[in-house]
Each structure stands twice: as C-alpha cells, then as structure tokens.
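Peer 1: As a plain string of letters, each chain reads:
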Amino acid sequence: MMASSQGIPLWAAGLISLTNLTSAGQFAALGIIASAGSMIEMALTQFVINLRYFLMSLSLSQKADEKMNLPQRAVVSFGITDEIFAVASSRYNGVGFQYMTALMILPILGWTAGTLLGGITSSILPSRVSDALGIMIYGMFLAIIIPPSKKSRPILWVCMIAAFLSCLLQWFSFIGQGFVIILCTLVAASLGAWLFPVKKEKAHD
Amino acid sequence: MTRLTGYMIIMALVTYAIRAIPMLFFRKKIESPFIQSFLYYVPYAVLGAMTFPAIFTSGNALIPSCIGCIAAIILAYREKSLLTVALAASFFVFVSSLFF
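Listed in order, the protein sequences are those of chains A and B. In this text, residue positions in the first sequence follow our numbering: the first is 1, and each later residue adds one. In this text, residue positions in the second sequence follow our numbering: the first is 1001, and each later residue adds one.
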C-alpha cells in the first residue's frame, strides 16, 4: 500500500515482499528508494534493521534438527522472520526441515499476496478495521511469551526487562527501531543468562 | 539494470545473509553455558521488546490499543491459542474504537 503511493510498480513491490520478508526493513527501504538514497545507505539500513534476525537465527540454529543438511538449512534460514521465528521458537524440541518449510509456506504466500492485494485495493478497508488488525501480531507475541512466563520466573524477568527497556529507549528517538530491539535483546537475554543460568538439559529441551 | 532493480538485489542479499550465516555456520551445539542460557532467553527478550511499547500504538488510538492489550494479556494468561488471542485483541480494539 505504501509502495503504490510512492510510485513503485506493483510487480516490484510484490517481488520485494517475496525476497525480503521483513516488514520493518521494507518500510525503511521505501523511504530510501523514495529519497533516491545510495546503495550503501540501503545496505547499511537493511543490515541494522534486520540484525535481530541474526540473533533469531543463532537461537534457532541451536534448536535445529541435527539431521538437517546444509542446503536444507539454507532454505530454512530464508524463512526466519519475526512471526515464523515466534512460532518455531515456541516449540521446545528440535526444529526439523519439514516442520520449518511447512511453517514458512503459508506466511510467505500470504505476505506476498497481501502486498499485491494491498497495492491493488490500496485502502478499501475502513481505517477502523485496518487499525484493529494491527494489534493481531502483538496479541500473538503475547500468547507466546506469557504462558512460559507463568511457569518460569526467569523468563518472566527477561520479558519484563526487555519490554521495560524497549519502552525506555523510545525516548531516544535517534536510536533506530532496529537497534532498540537488538539492544533490548542483548541486555535482557544477557542478564537472564547471568542471573539465571539454564541447566544444560533444559536449554536443549 | 535500473536503479530499482539494484535496490531490490541489495535488500534481498543483505537480508538473506543476516539470516543464513548463523544457521549455516553454527552447526554444532554451542557448549558455553552462558551462551546457551543467553540463546535460551533470546526469543522471550526479542518478543518482549517488539511487543512493548509498539502494542500501545498498534491500533492507531491509544485507549483502544490498551484495551486490546489488556484483553490479549488476560487471554494469553489463560493459555488460549495464538489465533484466539490475536483475534480477540483486534476485536476489542475495534469495538472500543467505536467509543473512544
């Protein structure tokens, strides 16, 4: 929807969604394309905004099924996004290739189709409805983090530290949103690891 | 090659590299207890930081978003499914946006 208002052709918007699968990164990219920013600026912005995927990928690599081979891992890593990671990481056992690809297909199709559809219909939805839909992803995130927080005090602490810090950092608007997430993750997860080290079996289960 | 194509290629490459490198290179289990614990907490930290404070502005207006957030917290606490929580939250945002 944003792309079409900036004069980016529909096919390009669809292709960007398909090859990038990153909402924040795509929004930032539109700004750079619109202002005709340099290629280096584009690369750097994407790097910083999407750096959180590095942490997600690292975290998933520890849960990944050991039988997964290199090409399979290469395919799976394409699907590491906020949403897919959220669901995959809520599974405690090894994350296998079939599981991950099955998890990836619908969101990827939906995402791309959503972009195309959004470009075509632009703003056919009443704003009240689209505003209300905006909370869904966060509802999902809450449904993922709250149940384990009930059972584990350390997880509760990590969530609260991350959330609190993230709110606090909003006052420093010069830190980009991508950096805020990375910073909060590093601090909260390090504090968690330092204060409540996880026993070996538990980290793998 | 147009400028737009250049942008698209760079975006796709950078984004993919960030995701793929850890997955491809850390094939062995990491032994350090600290890093293990750190990675164990990463999902919760990431999701916590992404949800707050973004959830309060997700529904455009503040009050409906807060109502939606409270509804989501209560339902998540009762261990309802992801979809139930997400749909209920947006239902509450929609209804309360009619009043506020």
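I should point out that these hints are in silico values taken from the structure, not numbers from a laboratory. Accuracy of the hints is not assured; some may be wrong.
[Claimed, not checked] Derived Cβ-Cβ restraints for the label pairs, each shown as a range:
#	chain 1	residue 1	chain 2	residue 2	range
1	A	127	B	1031	50 to 56 Å
2	B	1030	A	195	18 to 24 Å
3	B	1035	A	152	17 to 23 Å
4	A	18	B	1031	35 to 41 Å
5	B	1021	A	195	27 to 33 Å
6	B	1057	A	74	32 to 38 Å
[As the list claims (entries may be wrong)] For lysine to any residue, the following SDA-like pairs were computed, each having C-alpha atoms within a straight-line distance of at most 20 Å:
#	chain 1	residue 1	chain 2	residue 2
7	A	150	A	196
8	A	67	B	1074
9	A	150	A	87
10	A	151	B	1028
[As the list claims (entries may be wrong)] Residues of chain A placed beyond 10 Å of chain B at every Cβ, according to the derived structure:
#	residue
11	103
12	105
13	170
All values reported here derive from a predicted model rather than from experimental measurement. Every residue gets a Cβ at the ideal spot worked out from N, C-alpha and C, and that includes glycine.
Peer 1: Work down the list of hints and note, for each, if the structure agrees.
Peer 2: Hint-by-hint comparison with the structure:
{"no.": "1", "hint": "127/A / 1031/B: 50 to 56 Å", "in the structure": "holds, 52 Å"}
{"no.": "2", "hint": "1030/B / 195/A: 18 to 24 Å", "in the structure": "holds, 19 Å"}
{"no.": "3", "hint": "1035/B / 152/A: 17 to 23 Å", "in the structure": "holds, 19 Å"}
{"no.": "4", "hint": "18/A / 1031/B: 35 to 41 Å", "in the structure": "holds, 38 Å"}
{"no.": "5", "hint": "1021/B / 195/A: 27 to 33 Å", "in the structure": "holds, 29 Å"}
{"no.": "6", "hint": "1057/B / 74/A: 32 to 38 Å", "in the structure": "holds, 36 Å"}
{"no.": "7", "hint": "150/A / 196/A", "in the structure": "holds, 16 Å"}
{"no.": "8", "hint": "67/A / 1074/B", "in the structure": "violated, 39 Å"}
{"no.": "9", "hint": "150/A / 87/A", "in the structure": "holds, 18 Å"}
{"no.": "10", "hint": "151/A / 1028/B", "in the structure": "violated, 29 Å"}
{"no.": "11", "hint": "103", "in the structure": "holds, 12 Å"}
{"no.": "12", "hint": "105", "in the structure": "holds, 17 Å"}
{"no.": "13", "hint": "170", "in the structure": "violated, 6 Å"}
Comparing the model with each earlier hint shows violations of hints 8, 10 and 13; every other hint is respected.
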